[in-house]
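Quick mapping for you: the protein sequence lines, in order, are chains A and B. Counting along the first sequence from 1, when you hit position 419 you're at 419 in the UniProt record's numbering, and nothing is skipped either side. Counting along the second sequence from 1, when you hit position 252 you're at 252 in the UniProt record's numbering, and nothing is skipped either side.
Keep in mind that the hints were calculated from the coordinates and are not lab data. Quick caveat, the model's predicted, so the values are computed rather than measured. Where hints are given, some of them may not hold.
What the hints assert, rightly or not - Covered by chain B, according to a simulated footprint, are these stretches of chain A (three or more residues, beta-carbon under 8 Å): (1) 374 to 380; (2) 383 to 392; (3) 399 to 412.
All C-beta atoms, glycine included, are put in the ideal place defined by N, C-alpha and C.
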Amino acid sequence: MHKFKLASVVVGMSLASSAFAATEVEWWHAMGGANGEKVNEIAKSFNDSQDAYSVKPVYKGSYTETMTSAIAAFRAKQQPAIVQVFEVGTASMMAAKGAIYPVHQLMRESGQPFDESTYLSAVTGYYTSSEGKMLSMPFNSSTPVLYYNKDLFKKAGITQAPKTWQEVETTAKKLQQSGVSCGFTTAWQSWVHLENLSSRHNVPFASLDNGFGGLKTELTFNGPLQVAHVKKMGEWQKNGVFSYSGRTNDGAAKFYSQECAMFTESSAGYAGIKRNAKFDFGVTELPYWEGKVKQPSNTIIGGASLWVLQGHSKEEYRGVASFLSYLSRASVQADWHQFSGYLPITKAAYSLTKGQGFYAANPGTETGVTQMTTGTPTANTKGLRLGNFVQIRGVIDEELESVWSGDVDAQTALNTAVKRGNALLRKFERAND
Amino acid sequence: MTVTFPQKGLPWLLLLPQLLVTAIFFLWPAEQALEQAFYQEDAFGLSREFVGFENFIELFTDPLYYQSMLTTLFFSFSVAILGMSVALLLAVMADRVIRGKLAYQTLLIWPYAVAPALAGVLWWILFDPSMGPIALWLESAGVDWNHYLNGNQAMILVVIASTWKQISYNFLFFLAGLQAVPRSLIEAASIDGASPFKRFWTIVFPLLSPTTFFLLVVNLVYAFFETFGVIDATTKGGPGQSTNTLVYKVFEDGFVGLDLGGSAAQSVVLMGIVGLMTVIQFRFIERKVQYS
Chain A
1 MHKFKLASVV
11 VGMSLASSAF
21 AATEVEWWHA
31 MGGANGEKVN
41 EIAKSFNDSQ
51 DAYSVKPVYK
61 GSYTETMTSA
71 IAAFRAKQQP
81 AIVQVFEVGT
91 ASMMAAKGAI
101 YPVHQLMRES
111 GQPFDESTYL
121 SAVTGYYTSS
131 EGKMLSMPFN
141 SSTPVLYYNK
151 DLFKKAGITQ
161 APKTWQEVET
171 TAKKLQQSGV
181 SCGFTTAWQS
191 WVHLENLSSR
201 HNVPFASLDN
211 GFGGLKTELT
221 FNGPLQVAHV
231 KKMGEWQKNG
241 VFSYSGRTND
251 GAAKFYSQEC
261 AMFTESSAGY
271 AGIKRNAKFD
281 FGVTELPYWE
291 GKVKQPSNTI
301 IGGASLWVLQ
311 GHSKEEYRGV
321 ASFLSYLSRA
331 SVQADWHQFS
341 GYLPITKAAY
351 SLTKGQGFYA
361 ANPGTETGVT
371 QMTTGTPTAN
381 TKGLRLGNFV
391 QIRGVIDEEL
401 ESVWSGDVDA
411 QTALNTAVKR
421 GNALLRKFER
431 AND
Chain B
1 MTVTFPQKGL
11 PWLLLLPQLL
21 VTAIFFLWPA
31 EQALEQAFYQ
41 EDAFGLSREF
51 VGFENFIELF
61 TDPLYYQSML
71 TTLFFSFSVA
81 ILGMSVALLL
91 AVMADRVIRG
101 KLAYQTLLIW
111 PYAVAPALAG
121 VLWWILFDPS
131 MGPIALWLES
141 AGVDWNHYLN
151 GNQAMILVVI
161 ASTWKQISYN
171 FLFFLAGLQA
181 VPRSLIEAAS
191 IDGASPFKRF
201 WTIVFPLLSP
211 TTFFLLVVNL
221 VYAFFETFGV
231 IDATTKGGPG
241 QSTNTLVYKV
251 FEDGFVGLDL
261 GGSAAQSVVL
271 MGIVGLMTVI
281 QFRFIERKVQ
291 YS
């Protein structure tokens, strides 16, 4: 024990000596690879822009690992000031009232200029309280779109990208006649084919405004629309219109190898596809069912946001607030958006990117933005706020897989998923009430 | 023969390091898990509620939990039996090699140095349905390989990936065991005209039984507890529930799902299972083992 004390004194002293220069703000994130380097670059340019604060980004692994280590650190009172949490962790973070420092409150109390109306509501909506106040700062958001192989389309004599699921089916059959073995594959099946399917058709995924209305929410994704879609996908899995390729984004391999001609995946997958596809590809909006909706609604986002944790000094929080303001600057946002493929979070960053001619030079990069900003978000399309959502997605994955393999019919599978998911919601309600 | 120490304190002092390690790394966490199993709490530890046996009741009324138990048993015995048979075969063959013996042995021990998750990724690439060399080869042989959809194939994949690295470990012990078999016995049997096959089954194999028994325990414990890295890197418990073993479920519910009470209850059940398994093995199987 004494050794530990000694060690912490030494660490404390070395931290204190550096604190004379600038107040250090720790930022735990889950951005690996090129995006991780970009994160370091952003922190560095912030640190260079002033000398009162120094933001120190720390890579903590995957989204799950980052969130779990931040929670473990909180329990040990060693938490960072800022942590990046993926969208499915939102309800858990929100419910932990004693652990988080809501962003709108932080900005006000630190005296930073902060106008919530400058942000894109389709993005921030996912992270606001029921009164519409921003609880966390969106950082990297994306939305699902349809990528298609233009070369294979040309070979099959198809001139237009499919807009509806009906067209996806006919397009896939034409492609198959021209020798392509699989029409489309998907990444993140629950996110694309249930969560976004529901929002695209303005149908609830869960009761009480998709969980925004409170912890008593219940899942409702076993309705006629979702059942019909999953049933059709089950048929498509048999005749090759659809080919299942795992729970994450492993399906990219099938798209790159031209085994599948279409791919439903996050708009943030653009950079990877551009790098790996040895063919001409296009990006179009996520299809909808014709006849089920007149005008398709906006899709919802995925990705992550930055949460501020309790337990730090006033001085550190002033640093956090000033960094969050810096992150929201149009130039910083536009650069991050163009570099990573994630959506811009402010209107200014969007128009700046447009003005720079980025979308014209990189066709397809605007699709996600326009699709997500279609109309005003409704209670069904604002986002999802469900406790234990990580596990619920796991349940959905399992049940969908039983449909793809032909073991269970769509209605039964979705009923089971709803039942198992509701049990998880009740458990969350109890632990957090 | 018993050794006696002059002072009473010395034996305890000598035992102290081991006792401390056991207390800090085994007893303390076990006690924590036991306590946690009777509570439900939010992820951040801001509120906590005593729920009695509720976490356990929930487990034992969940049909999926029983399914996971069966999956685990099947998985563990497959890994142990496959791993030990292949290792024994390799050890017998390596034992016969005279030239370049060390090189063979070293190469066979190598995979043990590979981290479980890495081993998982390696096999996952080899078996990837659209680009993995083994999957493509299987396809050309007429097998439709897709472990994303086919539960049995997913099980085969995790068994192979988990077994592969354990073979080295088993190999090492079998080889040492083989080298300890007195040459004179085998020579005597050869003079009496016993075939190599007969010599192996009537002399070598019985003499190896302490090693075999030890490895059975170690392999089962390995398959039960240390394979979640492999499963996480390959199938994540899917498709459906087909490779969701008990220990992977603990990891998923506790680490990913942040349901600490539920996952602690599962850990307690696992502790019970492993205790029971060890007792059964030592009481019933060990009797048939010949030590010398």
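Verification of the hints:
1. 374 to 380: It is violated, with 0 qualifying residues against the three required.
2. 383 to 392: holds (count 3)
3. 399 to 412: holds (count 6)
This entry does not satisfy hint 1, going by the numbered hints stated previously; all others are met.
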